[in-house]
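Protein chains: 2
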Amino acid sequence: MKLFDLAGAESARRFSPYCWRIKLALAHKGLTAETIPWRFTDKDALAMSGQGRVPVLLDGDKVVSDSWAIANYLEDSYQDRPSLFGGAEARRVTRFINSWADTVLNAALVRLLLTDIYAHLHEHDRRYFRESREKRFGMPLEQVSADRDTKIIEFRQSLEPARIILTAQSYIAGDSPLYADYIVFGCFMWPRSISSIRLLASDDPIFSWRERMLDAFGGLARKAPGYAE
Amino acid sequence: MKLFDLAGAESARRFSPYCWRIKLALAHKGLTAETIPWRFTDKDALAMSGQGRVPVLLDGDKVVSDSWAIANYLEDSYQDRPSLFGGAEARRVTRFINSWADTVLNAALVRLLLTDIYAHLHEHDRRYFRESREKRFGMPLEQVSADRDTKIIEFRQSLEPARIILTAQSYIAGDSPLYADYIVFGCFMWPRSISSIRLLASDDPIFSWRERMLDAFGGLARKAPGYAE
Chain D
10 MKLFDLAGAE SARRFSPYCW RIKLALAHKG LTAETIPWRF TDKDALAMSG
60 QGRVPVLLDG DKVVSDSWAI ANYLEDSYQD RPSLFGGAEA RRVTRFINSW
110 ADTVLNAALV RLLLTDIYAH LHEHDRRYFR ESREKRFGMP LEQVSADRDT
160 KIIEFRQSLE PARIILTAQS YIAGDSPLYA DYIVFGCFMW PRSISSIRLL
210 ASDDPIFSWR ERMLDAFGGL ARKAPGYAE
Chain A
10 MKLFDLAGAE SARRFSPYCW RIKLALAHKG LTAETIPWRF TDKDALAMSG
60 QGRVPVLLDG DKVVSDSWAI ANYLEDSYQD RPSLFGGAEA RRVTRFINSW
110 ADTVLNAALV RLLLTDIYAH LHEHDRRYFR ESREKRFGMP LEQVSADRDT
160 KIIEFRQSLE PARIILTAQS YIAGDSPLYA DYIVFGCFMW PRSISSIRLL
210 ASDDPIFSWR ERMLDAFGGL ARKAPGYAE
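If you read the sequences in order, they're chains D and A.
When you line the first sequence up against the working numbering, it's residues 10 to 238, in that order.
When you line the second sequence up against the working numbering, it's residues 10 to 238, in that order.
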């Protein structure tokens, strides 16, 4: 298997939250994929997927894009491996967490991280990134990422549903992690990869959970190039 | 079984989102409970539960309070009936939706509804409600519930994770409703019971889902005293 994985100037710096979901899902299934560093402007490399964003998974002659679709593909194609969801109903409810992470967590994080992302991009990506993001947000990157202190407080508040769960149990999915955990943890690998920002208080139950997730699968995520909080 | 259920001046007007979760969970399990109208100041009536809030379920000599605990009690005690969650993993992930509904949806709704709740309260409850809520919010009820138009827009935005799911499938839990649906739907029965506020645009996928939920179990929720949007 091959996984196209968003990279910065340094090809080992992999900062996509969506790609991290899949790298952990692959580890959960005991599957290995060669990760191929990919930059925003390498649109041609993804032509076979019919779209222009990562993650894209190649499994033999099968091409799957979009992290949720890839997780479902892995679950359905490798049923003899440990389940990512824990059943059909759990899969559907996990999709809610996927939507929440995308629309709440990642939507808040991008505003905190734009300038840090920019600083770590390959030079080929910088102009594209600045132009596309400034068009999307209607202002300079530096202005979107201003007022970080307020944004961090709001981000912490938005984590309350996860905090309640993680006060009562070790992982979002219970005693051990499932894809629900990889979804939310992927969000945290994004800042960790490219920013020294301190998002969580050290006495936050989410902080302890993140430590456990960093250690999962032999420290797969902890070993990746990034900034320790 | 008996269920203590929050009521307004009119004893048939039942407006607690947490009690609605349980009434739908009971219907899902094919169980019936006599609902006992309860007001905020009837603290003595709940003494056997060791706390002062509803829902409280009496099942023989068993007393259970807190909607999440009651849902778990029903699931574990009536395993031969249709499952509320669809398995252990799904139950844990559903707890996330429970926390999200409490901390995001209900936290937003209470600010929209305080004056409408007050207008529907039994006269014995009014002073207690005004004093306790004005203390909690640090301002008069009327001031908390001001600027509704902005608050409605923010509430609609906060529903985005549910909207994404309900664009792709009929219920949050898939092809048919489970407790994940009853959690979120309970939030909507709160405004419906006591307010003429229009929370959703009619072309919102959540609007159609809410219609299906109102019709579930022979129109259990639709028949309850309230305001149609």
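Calculated from the structure, these hints are not laboratory results.
Any given hint could turn out to be false.
Unchecked claim - Cross-link-like lysine-lysine pairs, in silico, DSSO-like; alpha carbons within 30 Å at most:
| # | chain 1 | residue 1 | chain 2 | residue 2 |
| --- | --- | --- | --- | --- |
| 1 | A | 144 | A | 232 |
| 2 | A | 38 | A | 11 |
| 3 | D | 160 | A | 160 |
| 4 | A | 71 | D | 160 |
| 5 | D | 144 | A | 160 |
| 6 | A | 71 | A | 11 |
| 7 | A | 52 | A | 71 |
| 8 | D | 52 | D | 38 |
| 9 | A | 38 | A | 52 |
As the list claims (entries may be wrong) - One-sided and incomplete, this derived list gives chain D residues near chain A with beta-carbon spacing under 7 Å:
| # | residue |
| --- | --- |
| 10 | 105 |
| 11 | 170 |
| 12 | 208 |
| 13 | 211 |
Unchecked claim - Just so you have them, the derived chain A footprint on chain D, three or more residues with Cβ under 8 Å:
| # | segment |
| --- | --- |
| 14 | 56 to 70 |
| 15 | 108 to 122 |
| 16 | 176 to 189 |
Note that the structure is a prediction, hence the values are computed from the model and not measured.
C-beta atoms are modelled at their ideal positions from N, C-alpha and C, and glycine is treated no differently.
How the hints compare with the structure:
no. : hint               : in the structure
1   : 144(A) with 232(A) : violated (35 Å)
2   : 38(A) with 11(A)   : holds (15 Å)
3   : 160(D) with 160(A) : holds (20 Å)
4   : 71(A) with 160(D)  : violated (46 Å)
5   : 144(D) with 160(A) : holds (27 Å)
6   : 71(A) with 11(A)   : holds (11 Å)
7   : 52(A) with 71(A)   : holds (19 Å)
8   : 52(D) with 38(D)   : holds (29 Å)
9   : 38(A) with 52(A)   : holds (29 Å)
10  : 105                : holds (5 Å)
11  : 170                : holds (4 Å)
12  : 208                : violated (18 Å)
13  : 211                : violated (22 Å)
14  : 56 to 70           : violated (count 0)
15  : 108 to 122         : holds (count 5)
16  : 176 to 189         : holds (count 7)
Comparing the model with each numbered hint stated earlier shows that hints 1, 4, 12, 13 and 14 do not hold.
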